[in-house]
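Q: In case you want the letters, here they are:
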Amino acid sequence: MAKRTPEGPPPPPAVQKLRVRYARRGRLRFSSTRDFARALERALRRSGVPMAYSAGFHPHPKISYANGAPTGMASEAEFFEISVTEQLDPEQVRSALDDALPDGIDILDVVEAAPGALADRLEASRWQMVFHDIESGELEQVVQAFLAADTVEVSRMFKRGRKSFDARQPVLGARVEAGEDPRCAILTVVVRHTTPAVRPDDVLTALSLVASFAPPRPPLVTRLAQGRWDETTAEIIDPFDG
Amino acid sequence: MAPTLVGMPGESHFAALEPLLERVTKPIQYVGGELNSTVKDWNCGGYGPKGDERTVRWALMYPDAYEVGLPNQGVMILYEVLNEQPDALAERTYAVWPDMEVLMRERGVPQLSVDGHRAVRDFDVLGISFSTELGYTNMLTALDLAGIPLHAADRGEDDPLVVMGGHASFNPEPVADFIDAAIVGDGEEAVLGATELIGEWKAEGRPGGRREVLRRLAETGGVYVPAFYEVDYLPDGRIQRVAPAETGVPWRVGKHTVMELDEWPYPKAPLVPLAESVHERMSVEIFRGCTRGCRFCQAGMITRPVRERSITGIGEMVEQGLQASGFEEVGLLSLSSADHSEIADLTKGLADRYEGTNTGLSLPSTRVDAFNIDLANELTRNGRRSGLTFAPEGGSERIRKVINKMVSEDDLIRTVAAAYGAGWRQVKLYFMCGLPTETDEDVLQIAELAKRVIETGREVAGHNDIRCTVSIGGFVPKPHTPFQWAAQLSAEDTDARLHKLREAIRADKKVGRSIGFRYHDGKPGIVEGLLSRGDRRLGRVIEQVWRDGARFDGWSEHFSYERWMSAAERALEGTGVDVAWYTTRERGESEVLPWDHIDSGLDKEWLWQDWLDALDETEVEDCRWTPCFDCGVCPQMGTDIEIGPTGKTLLPLTVLGSGKQTMVREQAARGA
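In order, the protein sequence lines correspond to chains W and H. full-length UniProt numbering applies: residue 1 is where the first sequence begins, and numbers increase by one. full-length UniProt numbering applies: residue 1 is where the second sequence begins, and numbers increase by one.
Only chain H is shown next, with the shape it has when bound in the complex (with noise of 0.2 Å):
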């Protein structure tokens, strides 16, 4: 049955939700109502000269389940930084498990916001914050429940604009057919500044429809339009060009990078659920990206510059936030968080305040060369010691020269030997298989670094009651990185390595029983490639697996390889073009890449040096700390490196705890 609408835009529709809420699993996370959490009235813009309303309404879609969506923070912040705007409001929605789908189209019942219970289609704009690829059928799901034709060019005046962003949207070549824009970069200005352009044309009585409003936004060179672009192919199947189809239209869409992050001190109140997620704790992001050059990192490169927040300013939004939330743990975020310059003095200063609240500290992404025990020790100070994980992510110091991830094997011995010494008694390593010129020797080292590891941790600790896991994953090539060339290791070929890799651990009895293995197999990895690396073409081959009844790809109990590949091989027929195609092969220098229109800010001649280098086993340093090596991001977009130190310390003052004050009782006061 297809989604009804009844009743007035913006109106809830929580009556209908209601009676599957029994039916189903975890219904809280359909409630809404989370601390923090905004409704706000669906005319809080009012109206424009002539009567027409101006309020531009965004619905916020992470495309995952709700406890893995809900503590994501790019989501969070547009929704704060949005409902903060007068005549603007924002609400969220996410990824319905398959129980609650199917008795949402027996019953009828839209996609809805989990705020208001608004439906979906009733909003302005439907943003989704992609993450990962694998939310793409996802997506399909929700626009379908939600009663949006799936692809754009079917849409009418009265469907939402379907806008992406998020890491995914640096190439949304594969999504062309099913978006109506993608914004790249960072999110937070980029949708007050599209939101400002929609309030106007709506107010000016919406002018020239959907298109009109695509264009402007096209126009400002910040907002890519698929269907203001063509795409023409060679006769083997690669891309020949990518160039506008409508003037005024720029030849590249450039990524938005937001400057002083101590202007943006967001999410002030973080959303605070009832249901479980995956992340228990606030996070305050302490910089923004990073410039250690891991060749296979792609957050790393399209974050560029580094821009960092000051000692002080993390200190007010976690003092901020632990008021509003009530979390017990704080996350310091970045790509790497030990590099912030005032590290040691951030996490001393916020160890000191909050002394004896029980509120703990973590670093959810350590370098093992940035890594000290006086930090680890401020970060357990007044919480609880959980495991320290540390990513070397080749096994092979041959490898990791490969990858630009310059850490030495007695680097990481000595940092886990200190670990093990100071009471620590599980350390998780990171590895990853299938990255170019890897052999099978590289894999197998990953087993004599972990035996080093435990022999060494035997040692300093005077028992052997340690343990090391060792976590292993499949390399997927990224675009907008010097690997965005590289051929993808088959999901067969890293599955035998991974194999060996387990047999060669399991081997030494008398340390493998401390070892723990971890590993994902190659499968779910190719399919990521797939689509990282894809193009347009590849919008039928989503359908298609859709409509065959692909949902949450990002989980394995969903997850079907065989599905995708059936779906691949229908949807490509007579495309010349098949999935090794698109994984398995390396690209040449003067290849069309589909997201070469995208500008990362990247020079593309910096990438095939860097790739060259990767071959040659030469590294590169970091800028931060050495002279700048010509990336292209600053001069190209403008920006700077932002880094400290500011010399600031933090005061050892908190009002946590402080309403305890009007609890107490007086006579008990006196006596004390």
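Okay, chain W solo, but in the shape it has when bound (with noise of 0.2 Å):
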């Protein structure tokens, strides 16, 4: 069988790799990573970014995507990474490709990346819920209960089916304050990423478990934070630090 190779020179080269970090606010929470992905490549090229592509019959320009927050949550923390075909300011590609985005799709930030991959430096993520209707008394008791348990099974389907997993152990830190509103609590945990990923509906569901917990309306999540983790500090380091 004749082999076919596109015809012409090769793509060029990419040059440089670029890591962003941007924010999924408002109602744009509710688009999907997929729908993102669509969104960016439009933007890249609305903005000028010379991108770098991969070559064959298919080009595609060259971006990683890492660990999107589900559809339906708000994020502050999103990352990924571009590689293009000359050396760029990173602060001007930042705010070329925030002014091709859809507002609510909010580019925060671009580094030169350092060393290694980007998704060694995603081991964990702060999430805040906010609850309405909700004293944060209620809640409080709740988050100890779950906190007092060694493991709590969830199950969730995944395309592959329904799947069984603890959503305790993963859970590395949870707090609860009350609101502005008295009327309101929020409960900020911090979560390190496993396989699979436990997520804020998996602690929610893992709540209702420990303690027949039914919040009369769904939380608003926002992921506040992303990256590496400080077992001594106990905290989250950012991803572009170091």
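Don't read these hints as lab results, they were simulated from the structure. Yeah, the Cβ is synthetic: ideal placement off N, Cα and C, and Gly gets one too. Be a bit skeptical, because a hint or two may be false.
[Said to hold, decoys possible] Dumping the calculated BS3-like pairs for lysine-lysine here, alpha-carbon to alpha-carbon at most 27 Å:
| id | chain 1 | residue 1 | chain 2 | residue 2 |
| --- | --- | --- | --- | --- |
| 1 | W | Lys17 | H | Lys660 |
| 2 | H | Lys26 | W | Lys163 |
| 3 | H | Lys500 | W | Lys62 |
| 4 | H | Lys428 | H | Lys500 |
[Said to hold, decoys possible] Covered by chain H, per the in silico footprint, the following chain W stretches (three or more residues, Cβ under 8 Å):
| id | region |
| --- | --- |
| 5 | 30 to 36 |
| 6 | 48 to 56 |
| 7 | 90 to 98 |
| 8 | 102 to 110 |
[Stated by the list, open to error] A partial selection of chain H residues facing chain W, derived with a Cβ cut-off under 8 Å:
| id | residue |
| --- | --- |
| 9 | Ala275 |
| 10 | Ser325 |
| 11 | Phe327 |
| 12 | Ile643 |
| 13 | Gly647 |
| 14 | Ser658 |
| 15 | Lys660 |
From these two lone chains plus the hints, build me the complex, please.
A: What follows is the structure, encoded as structure tokens:
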């Protein structure tokens, strides 16, 4: 069989790799990671970022996505990486890309990639869940019951069917505060990234299992931070640091 | 629970919608905020001399799912044209999926626009664009969710005018109960005319209420108001006559035709959704109308004459659209794109201009006889090489003469051989089943044709790794075509013929494995046929089937033939007519057709002659290249063919990608 190769010269090589932090806010939290990927590719073209492309009959811009937040959850700490064919000024890329994306997908930070894989710098996330029509005292009791357990098995539908996993061990910490409104409680959890990932909705399922907890409305969920987990300080380290 | 409206007209209901978004599939389709979308001030038009508001507000609906409706060119054009007006605004709304419909009813959330999440009932006009009759039930869902009475006769002063457009409006009779008006033909100029008229009426303090504004619209001769017409029937169920029931209302309502397409370069800034849609590209309409004269093709008949956009006009639209959208593919849209008088210069010019930018070009609709490999190579120079698609429509030479699709088998074989020889591996062929005078033999000829395609392809390619896909569906006779009198083939006969074809393709194991076979069964075609050539008596059927749960009839997973047949049986009881009467019955020359009072410009006598020519297997030429054959459109509508060549060429200049200048590091730039 005749082997086909595309005519013409190979695409220009990548000379720089940039890491990008962005936020997904407001109503755009309902966009999925695939929705974002489409929007990003178009924004890159509009803004004129000289993207590096893969070779072959179906050239694709070189973008790698890392650990996107589930659809419906907001985030202040989403990441991706792009490869470009010229040396660019990261701050200029940030503002051009931010202009080309819809409001609510906001580019926060662009840096030149440090050595190593971006995914290795994303070990844990801090999530905030804002509950309405719940008092913080009630939520506190539920969370204490959860933290007192060694394991809490939850299950969720995956593409290949329902899977059970422990939602307790990956939770590195949890804190309850009262919101400004007395009928509002805020839960902040720090979760280590595992496979399968324990998501805020899994934590919520776990809470309902340990204490028959059923909030009248689903909480508004936001990922506040994502990065390396420092055992000694028990804090998340910004993946762009060091 | 009935929709409950709270707050001021024009207020956003997003807060009520938001909790539902957590619980539905693909929530992004309901949130709006697409690139190039607009939310205007509710009172952008200000007030008339006595303080009456004069802003004219359109809710534009494409009555299908967001992913299908968003890329629709018609809606996109009207949206932009209207929003450019200082005293008008337009927002979009789409059919909500059943999961969302249930929640909206539970929580009393009304049908909303996706732009400002404003209640559809707050707008002055609900304009619905029907590309297909299968969207009728979705219109009823939207009206009901909006809190607008289903029947035009029951609407009050606070309800929007429900106006239909799109190709289905060339026979609006089946939905006459539900619409206040229909605008027939090209919409961009027509909506501006209607907007001006409605704006004046509002500024005057709405004298005479909705009846008066409808009368003013009807008097222009370009807006059909079904309530102003009376239909009488003969004892055998046929129509006796359709006549105005109101003075000052014309006997026939004419279609709108936009001339000088270069003056209407829309959409200038295509909408770019976050959600996935059925067309992941921007489209530029390179011409409108078609006079190839395929007798089954309603689009070709009702959009005459051919009006080309100039090569330079197209070039500007592509450049502007790519800049505004960031799409990586441009579709050069029309009914038969390779027929543009400057298609070779155009595709070469665009391919040169966008060399190195990974911008692909596509021609969604290409005739075999207008296609060549140079053209195909230009189309794939900067983009991705996908399959090639051709539509011979009929399997045998004989049936292609009947339908006036003048493509010979040798033409087709020559073209696909060239394609396989140039490295293409996949060719798709489109056909129809159930064409007038068709027999099993005509359809079985498709199998022979496909085998020849594969055998030739293997020979020229020098290997067996090539494929051909045969895609076939049932033919539906449409109004304003020579086949408007034809009997539609029943669903059973269509399915039997398709079955025989499949067996014939499979019989030859050597080539059969290289031929894919895709078909649509005959049942949805019967419902489409019922609604296409139906009359006012079908309003009851549509309402019944909707009450029985019909939604999204264009989707096989939602469509139920049995539900439609059962509703039709009940709703047509006592009328003396039934589904077969509307579909599989051949009409006579003297029969009054339900759409005769809608003027597409086509002379009914010419259509009848063309129908006789079809039965006679006589072909008719294209008036772009041969003398006029008197279809009637140009003299009736005062129009003329507008085609090139202009002799102009495209300069290989683009600003696409120039944004990088601000990003490149200075020291690196010096080093380069």
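Q: Now tell me if each hint is right for this structure.
A: Against the structure, the hints:
1. W:Lys17 <-> H:Lys660: Roughly 15 Å between the alpha carbons, so the hint for Lys17 of chain W and Lys660 of chain H holds.
2. H:Lys26 <-> W:Lys163: Given pair Lys26 of chain H, Lys163 of chain W holds - Cα atoms ~23 Å apart, limit 27 Å.
3. H:Lys500 <-> W:Lys62: violated, 48 Å
4. H:Lys428 <-> H:Lys500: OK: Lys428 of chain H and Lys500 of chain H at ~20 Å, within 27 Å.
5. 30 to 36: It holds: at least three residues are needed, and the region 30 to 36 of chain W offers 6 whose Cβ sits within less than 8 Å of chain H.
6. 48 to 56: Coverage by chain H holds here, the residue count being 4 at a Cβ distance below 8 Å.
7. 90 to 98: holds (count 3)
8. 102 to 110: holds (count 3)
9. Ala275: holds, 6 Å
10. Ser325: With a minimum Cβ separation of about 7 Å from chain W (threshold 8 Å), the hint on Ser325 of chain H holds.
11. Phe327: Because about 6 Å separates Phe327 of chain H from the closest Cβ in chain W, which is inside the 8 Å limit, the hint holds.
12. Ile643: Because about 33 Å separates Ile643 of chain H from the closest Cβ in chain W, which is outside the 8 Å limit, the hint is violated.
13. Gly647: violated, 30 Å
14. Ser658: Check passed: Cβ of Ser658 of chain H comes within 6 Å of chain W, closer than 8 Å.
15. Lys660: holds, 4 Å
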